[in-house]
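Chemist: Quick mapping for you: the protein sequence lines, in order, are chains A and B. All residue numbers for the first sequence refer to the numbering used here, where the first residue is 6 and numbers rise by one. All residue numbers for the second sequence refer to the numbering used here, where the first residue is 1001 and numbers rise by one.
These aren't lab readings, by the way, just hints derived from the structure by calculation. On a predicted model such as this, the values are computed, not experimentally measured, just so you know. Each hint should be verified, as a subset may be incorrect.
If we take Cβ atoms under 7 Å as the criterion, some of the chain B residues that face chain A in the derived model are [what the hints assert, rightly or not]:
1. Met1001
2. Ile1017
3. Leu1063
4. Leu1109
5. Ala1113
6. Asp1212
7. Lys1258
8. Lys1261
9. Trp1265
10. Asn1269
11. Tyr1359
12. Pro1361
13. Gly1401
Reference listing, derived: stretches of chain B covered by chain A, where coverage requires no fewer than 3 residues with Cβ under 8 Å from a Cβ of chain A [to be verified]:
14. 1028 to 1041
15. 1250 to 1256
Derived lysine to aspartate or glutamate pairs resembling EDC-like cross-links, with alpha carbons at most 16 Å apart [as the list claims (entries may be wrong)]:
16. Lys257(A) - Glu280(A)
17. Lys158(A) - Glu215(A)
18. Lys257(A) - Glu215(A)
19. Lys1414(B) - Glu280(A)
20. Lys1414(B) - Glu447(A)
21. Lys321(A) - Asp1300(B)
22. Lys1261(B) - Glu215(A)
23. Lys319(A) - Glu329(A)
24. Lys1414(B) - Glu123(A)
25. Lys1260(B) - Glu215(A)
26. Lys1209(B) - Glu447(A)
The C-beta atom is built at its ideal place from N, Cα and C for all residues, glycine as well.
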Amino acid sequence: MIPFIRFLLLLFVLELGFCGYLVAKRLARPLPVLPAAESVDPLTMSDFQELARQAETGSSQEWVRLGQALLGQGFYSYAENCFLQATQFDPADAVAQASYAFCLERTGRMQASTMEYEKLKSFKGQISIPLAQRERYLYAIGRNYLREENAAKAEEIFRQNAGFQPADYQLAKLLVRSGRSNDALPIIDRNLIETPDSLFFNLLKVQALETLGRTAEAKQAADRVERAMHIIPLNFNTGFTEPYHSRYGISKEIVAYDQLLQGNDMDQIADKLEEVLQLMGDRPMPEHTASMISMVEVEYQRKNPERMLTLIEKLKESGVENAELLQFQAGAYTLMGETEQAVPLLLRAAQMSPTIEVHQTLANYYDQRQETEKRDTHQAKSQLLNAMHAFRNNQLAFADKAIQQSVKRNPLDPQAWFYYAKIKHLQGELNAARKAYERCVELNPNHGRALRELSDLTVPKKQRE
Amino acid sequence: MSLKTRALLLTCLVILIPIGTWIVLPGLPSLGQPPELFSGGTSYPASQIKFQRATVGPEPVGLPLITNVQILDFDGDGKNEIIGCDAGRGIVSLFKADGKADWQEEILLRDLAAPAHATLVDIDGDGDLDIIVSILGNLQPDDRVIGRVELYERKGEAYVRHVILDDVRRVADVQPGDFDGDGDLDLAVAVFGYNQGAVLWLENRGDLKFRDHELLNAPGTIHVPVADFDGDGDLDIAAIVTQDEEELWGFENLGAGKFKKRRLWMTVNLDLGGAGLISADLDQDGDQDLILPAGDNLEDLDAFPQPYHGCLWFENKGNWEFESRRISDLAGTYAADVGDMDGDGDLDVILVSMTNDWYDPQTASVVWLENDGKQHFQTWQIDHDPIHLVTVAVGDLDGDGVDDLAAGGLNLRKPFQRIGRISAWLNLRKEQP
C-alpha cells in the first residue's frame, strides 16, 4: 500500500505543479488591447469587442481573427500584438507568423520583419494564406531590403525567387538602373514571352534598350507600351488587408448590399442602403458618400426623380460635386420629362469628364430634335472614346471600325485623325497612317505627337537607326 | 488517517485536480500586462514662435479634398489672398481677407474634374492673371487618358476656357517659363498618370495655342519646378518622379527648345513616397536648390509613418551636381514651402504631414524647421490639428510683414477626425514680447 500511496503522492504533486503552471500561464495572458472607441465607428468597435472577448479565452485562432479585424482597419500596431500572441500560443501557426511579419513590415521595422518572414522557411504543411508561401514572403523580404536601400541583398533575394514575376521585375529593374541592361534583357524577354501585354516589363524594356543606345528598338518597344494593359502586382499590401477590411464593421454591410445588386430587386436594395446609411449616421466617412451616390442610382432605377434630386442636394451640401452627379441630375430631369433642363447638365458633364454614355445620350437627344450636326459631333466623340478604349486594350479590329465611324461623323476632329493614324500605323498601312497624321496636323498644327509620328514615318528606317 | 483513507483521498485529488483545472481554466481572467504599442509617429517641441490657427472660408463639411493652396496677391491690391483647389467640389476658389483671421470664399472656376493645381500667370501678356488648371480627371488611381491642361483666360470679370492639352493621363502640375527664349511663356507639365505618365513642355505658339514636346516617359511625376538650375541664364526644369521609381530629374535647357535630361538622384527605396518638389535657394548662395517632401503612402489602404519619411534638401553644388541631405523625419511629410519664419534673414522650411500616427493626438501635422543660418535645422511643432494635410504655402496673410502659413487637407484616409479644409496659421512673432 505504501508504494501505491507514494505513487499517488508523486502524481498529485506533478499534477498540482502542472495545473498550477497552466493557471499561472492563463492568468498571465494579456488582455487584448483595442483602439480608443472614438477612433472607430461603433459598428466596427462592437465587432472588435466581440472578437476581443473570444480572444481573451481562446486559442491562437481567436487571436489571429482579432488581429485580422484590426489589420483590416489599419490598426497595424494593435494587430501586431494579436499576431505575436498567436505565435506564442502556436508557434506552428503560419498565418499568425506571416501576419506578424507583415505588421512589422508595414510599420517600418524592416529588419525585424525580415527576421520574422525568414522563420516561415522552416514551416511545413498546408499554407492557407498566400503571404506565407515561399515566393510571396521572399518577395516581401526583397522589398524590405529595397526599403533599407540595400540593393545587393535585395538583388540576391530576388534571384532566389526567379520565375515569380514581381521578383523578376524588381531584379530586372535593379539591373537596368545599375547599368546592367544587357543582363536585364533576358529576364525581361522571358517574362514578355509569358505575358506579352505586361505594362511594367514593356516599359522596362524601353528603358533597357534606351540605356543601351538601341533607339530604334526602344521606339518599337515604346509603341507596344501604349497598348500593354496587363499589370503584374508589385505591391501585395492592399490585397492582403482588403479581405479583412470588408469582413467587419460598415464594410461588411456594404458587401451585403453589393451582393443584393445581383438580385436586381431595387426595393430590397434601397432598404439595405437605407439601413447602411442609418448605421453610419452623421459620421463623416467616404463610405457615406459612396452609399449616397449608390442610393441616387437606385432611385434612378426605381424611377424616383424627386428623391434623386433631394439626395443630390444633400451630397452637394456635404461638399461633393462632380460629373457623375451632373449626369444623375440630368437623369432625374429626364425622368420628369424636363429634357431641356437635362441637356445643359449633360453638356457640362461631357466637358468635365467625357464618357461614351454621355455623348451617346446627347447624340440621341439631338437626333430626336433633328439637329444633325450636333448629333454627329456627339456620335463621333462617342465612337472616338470607343476606339481609344479598344486601342489601349489592343483590340485593333474593333478600334479600327469605331474610329472610321468617328472620322466619318466628324472629319474635323484632329484627335480622331490621330487615333485613325495610330491604328493604321499598327496595322501596317503606312500610307493611310501618313495621310491621317497629315490630316491631324492640318487640323491642329500644334499636335506634337502627330508631328513626331509623321517625322518618324517620313525619315527612312536606316537613318532612324 | 488510515493508509486506505489516504489512498482514497489522494486518488480523488489526482482525478479532480485535472478536471477542476479543465473546468476553471477558461473562466480565469487575463491579468497580464498589456504589451506596449508601437508608434512610428513623430512629434516635436512646441514652437517658440506662437501661431494663431484660423479656418479659411466656411467651416468644413463632409470630408474636404483640397489638393493645392497658394498665397499671392491675386487682385493687385498689395494684400495677399489665398487660392485653393478643391477636388471634392471641382472648384478653384479665391479666399479674400475679411478681418484679421477671417476669409470670404469666392469661387473662381467650377466644373473641374479633380483639379490638382492652379497656376496663376499672365499667359497672354494682357496685364491680368489667367489661370491654368492641372486636371487629374480622377483623384483616385486611374491610368486612363483623363487628364487635361485647361487654360482660363481672364476677360474682365469672366474666364474663358481653353483646353490646351488633352488626350493625356492625369495632370498634376503646370509651371510657366520662357523655355525657348522667344519672349512668351511656355509651360512645363507633370503628367502624373498612374502606371504610365510623362514630363512634357508646351511650346507657346501664340493665340493660346501650345505644341506638346515629351521630355520623359515615366509614371508618377508630381511637380515640375522651373528655375535656372545651372546658372546659364535660361530656365531649366526639374521633376520628381515617384510611383516606385523615386527619381529626381533635371532637364537642362540647351536653347532653341532643346533639353538634355539628367537623372540627378534616385533611390532603390520604392516606398519612399516622394510627394512633391519645390525649388528655393535655401542656403542663399545664389543658386536654386531643391526640396523634396517624402511621405506619400496612398497606395496602402491605411497608411502608416515610415522611418524614411521626412524631407530631403538637395543642395545645388553647380554643374548639375546636387548633394542630398535629410533635414527632417516628420512622418508622412507631404508638402514643403520656405519662408523666414523667425525674421533672422535666412530661409526656414515649413512641412505638413498627411500620415503621421493620427491615433496619437500629439503627433505633428504642421512643423517648421528653424535654419540657424548654416543649414542646421531645429524642428518646432506648430500644430497637430487639423490632420491629413497635403499642401502648404507661406506668405504674409495679415499684412504685418511676417510670413504666415496656409495649408489644405485631403481627407481620404482614417481617422476621420480633426477634419480641416483650408486652414491658416498667423505668425504672432511680432506680438510676442
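Chemist: It remains to establish, for every hint, whether it holds in the given structure.
Modeler: Here is how each hint holds up against the structure:
1. Hint status for methionine 1001(B) relative to chain A: violated, with the closest Cβ pair at about 11 Å, above 7 Å.
2. About 5 Å separates the beta-carbon of isoleucine 1017(B) from the nearest beta-carbon of chain A, less than 7 Å, and the hint is met.
3. Proximity of leucine 1063(B) to chain A holds as hinted, the smallest CB-CB distance being about 5 Å (cut-off 7 Å).
4. The interface hint given for leucine 1109(B) is broken, as the beta carbon of that residue sits about 12 Å from the closest beta carbon of chain A, more than 7 Å.
5. The beta carbon of alanine 1113(B) comes within 5 Å of a beta carbon in chain A, closer than 7 Å, and the hint placing it at the interface holds.
6. At its closest, the beta carbon of aspartate 1212(B) sits 4 Å from a beta carbon of chain A; the interface hint therefore holds under the 7 Å criterion.
7. Taking 7 Å as the C-beta cut-off, the interface hint given for lysine 1258(B) is violated, the closest approach to chain A being about 14 Å.
8. This hint is violated: lysine 1261(B) has a C-beta 11 Å from the nearest C-beta of chain A, more than the 7 Å allowed.
9. Annotation: interface hint on tryptophan 1265(B) violated; nearest CB of chain A at approximately 12 Å, more than 7 Å.
10. Checking asparagine 1269(B) against chain A: minimum C-beta separation of about 5 Å stays under 7 Å; hint holds.
11. Annotation: interface hint on tyrosine 1359(B) holds; nearest CB of chain A at approximately 6 Å, less than 7 Å.
12. Interface hint at proline 1361(B): violated, since its Cβ lies 10 Å from the closest Cβ of chain A, which is beyond the 7 Å cut-off.
13. Taken as an interface hint, glycine 1401(B) does not check out: its beta carbon lies about 35 Å from the nearest beta carbon of chain A, beyond 7 Å.
14. Only when three residues or more bring their CB closer than 8 Å to a CB of chain A does the claim for the stretch 1028 to 1041 of chain B stand; here the count is 12, and the claim holds.
15. Counting residues of the stretch 1250 to 1256 of chain B whose beta carbon lies closer than 8 Å to any beta carbon of chain A gives 0, which falls below the threshold of three, so the coverage claim is violated.
16. With a C-alpha separation of about 12 Å, the suggested pair lysine 257(A) and glutamate 280(A) falls inside the 16 Å cut-off, and the hint holds.
17. With a C-alpha separation of about 27 Å, the suggested pair lysine 158(A) and glutamate 215(A) falls outside the 16 Å cut-off, and the hint is violated.
18. A distance of roughly 49 Å separates the Cα atoms of lysine 257(A) and glutamate 215(A); the hinted pair therefore is violated under the 16 Å criterion.
19. Under the criterion of a C-alpha separation no larger than 16 Å, the hint pairing lysine 1414(B) with glutamate 280(A) is inconsistent with the structure, at around 22 Å.
20. For the given pair, lysine 1414(B) sits about 51 Å from glutamate 447(A) by alpha-carbon distance, which is inconsistent with the 16 Å threshold.
21. Proximity of lysine 321(A) to aspartate 1300(B) is assessed by CA-CA distance (about 28 Å); at most 16 Å being required, the pair is judged violated.
22. In summary, the hint linking lysine 1261(B) to glutamate 215(A) is supported, as the alpha carbons are separated by about 13 Å, within the 16 Å threshold.
23. For the suggested pair lysine 319(A) and glutamate 329(A), the alpha carbons sit about 15 Å apart, so the restraint of at most 16 Å is met.
24. Taking the CA atoms of lysine 1414(B) and glutamate 123(A), the gap is about 32 Å. The hint is violated against a cut of 16 Å.
25. With a C-alpha separation of about 14 Å, the suggested pair lysine 1260(B) and glutamate 215(A) falls inside the 16 Å cut-off, and the hint holds.
26. For the given pair, lysine 1209(B) sits about 14 Å from glutamate 447(A) by alpha-carbon distance, which is consistent with the 16 Å threshold.
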